[in-house]
Amino acid sequence: MIKKTVADVDTALEGVKDGMTIMLGGFGLCGIPENAISELVRLGVKDLTCISNNAGVDDFGLGLLLQKRQIRKMISSYVGENEEFERQMLSGELEVELTPQGTLAEKCRAAQAGFPAFYTPAGYGTEVSLGKETREFNGKMYVLEEAFKADFSLVKAWKGDEAGNLIFKGTARNFNPCMCGAAKITVAEVEELVPAGELDPNEIHIPGIFVTRIFQGKNYEKRIEQRTVRKRN
Amino acid sequence: MLDKNGIAKRIAREVKDGYYVNLGIGIPTLVANFVRDDISVEFQSENGVLGMGPFPFEGEEDADIINAGKQTITTLPGASFFDSATSFGMIRGQHVDLTILGAMEVAENGDIANWKIPGKMVKGMGGAMDLVASAENIIVAMMHTNRAGESKLLKRCTLPLTGVQCVKKIVTNLAVLEVTSEGFRLLERAPGVSVETIREATEGALIVEGDIPEMQF
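If you're matching them up, the sequences are chains D and U in order.
My numbering puts the first residue of the first sequence at 1, with every later residue one more than the last.
My numbering puts the first residue of the second sequence at 1, with every later residue one more than the last.
I should point out that these hints are in silico values taken from the structure, not numbers from a laboratory.
You may find that some hints are simply not true.
Example chain D residues on the side facing chain U (calculated, C-beta under 10 Å, incomplete) [unchecked claim]:
hint, residue
1, M1
2, L43
3, V96
4, L98
5, P100
6, G114
7, K140
8, L144
9, E146
10, G170
11, T228
Quick list of in silico lysine-lysine cross-link-like pairs, BS3-like style, CA-CA up to 30 Å [to be verified]:
hint, chain 1, residue 1, chain 2, residue 2
12, D, K231, U, K4
13, U, K16, U, K168
14, U, K116, D, K73
15, D, K68, U, K123
16, U, K123, D, K140
17, D, K231, U, K9
18, U, K9, U, K169
19, D, K17, U, K123
20, U, K168, D, K73
Far from chain D, by Cβ distances over 12 Å, these chain U residues were calculated [stated by the list, open to error]:
hint, residue
21, D3
22, R36
23, T74
24, K116
25, N137
26, A148
27, K168
28, R199
From a predicted model like this one, the values you see are computed outputs, not experimental measurements.
Idealized CB from N, CA, C, for every residue including glycine.
With the rest of the complex left out, here is chain U (with noise of 0.2 Å):
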């Protein structure tokens, strides 16, 4: 079973050279600290910033320079700085190859819910749902149960959704997995994780074809 740490780095693996990509809040952010350096890859932030770098030094944070997250961070060379119109330009016309971001709950057939528990948690939905509307290539990143145990991988999601059918693949703490149009497509297993185990942890229609191999780093 893969810690929030073991996600983001598989997820890496997942970004390719010459990819802008787009991490969301949570899990998501730590997939830039895997991303293999002899490949070229720009992160894009929804407030206005392409070419994000590290955080800043202690004594350099820059009040005007933060990301999505409100976090203090620096840029890379090649970074460029845009209004929040030309940012969802570059989203809503797909020239963002990739997104990742979290999610409450996913069904089988790539809805996704991660913005409201009515009643509950009223925060509102950012950009995520221009992010899931637009997006060609979307990862959710997440735990494969709740809290309280509960699949996240359901046959319908019960909370207010995000998206409709958009979500492409699911990376959890214990598996891999493709929406397909029959359910999900069990892809890889997490290191020493049963598809047994899967199975009873996914709600949803699970497909599972052939020996399904362990997660590679």
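Just chain D, same shape as in the assembly (with noise of 0.2 Å):
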């Protein structure tokens, strides 16, 4: 068994700094890397690139960076929830390339899984087409998109082992499988780390190859933005 944990979060950002691009999981605020995303706050570190598929809101996920200038640029699908992020975005301080979800989500897995490119029907004949190459497969438009090329990855899984094995849990999967293995070094942060042996292997989500260091989060918030309720009867 190859052990990945390493001792708390200080540890496993080792290496992080300035100008670096850097991924984060996530969904608006579910399954986000909460402990990692406190971390980069504390560094300090600044001129970030974060491909997140959201923002974060004002207060909490990313817009604790936004708020501390600490982003560059951001590459994201959505970005409505958060009145900092529009203001520094309307004013030119920050950038930001808006790309389809689906997109994202395969510019992730692409450089997860080692290919350069892929064509997605995706925004042909959008300003989301302009400058990059297009091509017809029998009689269809589809737009070529790059790989992301990434220094950190940072995600959030419900439990993981020694060996870096992770399990995800109900939609707060979204991002972060997509993105293990995607970066030079990828950082899982977990509810539940275990000894290895203890996850059945049959119920492993992500492979421990495809994570760097893994390490035992805590004080999830889990904040939840929209709640919504039915009455019982």
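Join the two chains, each given in its own frame, into one complex according to the hints.
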């Protein structure tokens, strides 16, 4: 067994520097690497390029890094829940590359799986395809999109073991598995870290080979963005 | 003239037994409330769930189980969770039978714009571009005119496009229309709405052939 555990988040994020490109898992605030984001704030690293489907809300998730002006560029599909984000974008302080959600996911998976690029129909004929190669296959038009290149990938899983094997829960899975192994270093934080052998190999979502470092996360807030409920009859 | 629930109720009739359906945010979300309960349908949410159920009972919300609108949801028997790349594999691979989404503008050639108003609103396209570029069967749910009373069914879209020549059918508060090579073909009128009212509210080419029936629910 190749051991991937590190003692804490400080050790897990060793090597993060100004100007790096960092992938972060999560959809909205669901399944975000809360511990790693807090550590990025504490480290005060700047000029980051962040690849993340969303940009958090004003006071949680990536919004915390935006408040401290640590992000130079965001690559996301939807950024509608964050006023500070909108302000920085409209004033030109923050560069934003909006990418269709499926393309964003595939650019991660391509990096993970060793594909330099792929063709997708998404965005053909729109401003997303400007300056990109397009090609016809079987009478339909496609856009060439390139795999991401990132320094760190920060993901959150439900359970993990010493070997770096991961299991996700519910829709907190989202972009997290696609980002594992898609950067030079993948850091996984988990709600429950167990010894090797305790997780059933049949139940593993992401094999440890895609994970560089794993640590036991703590104090998960798991904030809900839209609490929708129905009444009991 | 229909309200938002009326539009959703009419669209629900387009949902057939055995369909996997992706519902966008807004009016499309309401469609789930009106689907007949004697047919089998599974709702997909692009953040990674198939077999979405109703909102949870108070106190049973789970932060790890949400839909693409970031609302807490439940799952039904037979549901599954998956990652974002797999989710869009279902969409691009045309395994999802029907996509229902909102729009700011639709053009008579089937172009759609629903993600950006330059200088005013820049929230992003989310999964809309993947959905419209891939789905075989796309229904747009929207009001026929905007808040200023201007038509949303145009000769050409004025806003940045989400996708080209992809919309097949449109259900508005006034009518059901089909996109054809000649323009918007009027299929049905909302209860009490005249063809003349629909014509006045439609900027793009409107094709009216024979008697146009009122919508049935």
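ask   = Taking each numbered hint in turn, which are not upheld by the structure, reported in ascending numerical order?
value = The structure breaks hints 1, 2, 6, 8, 9, 20, 23, 24; every other hint is satisfied.
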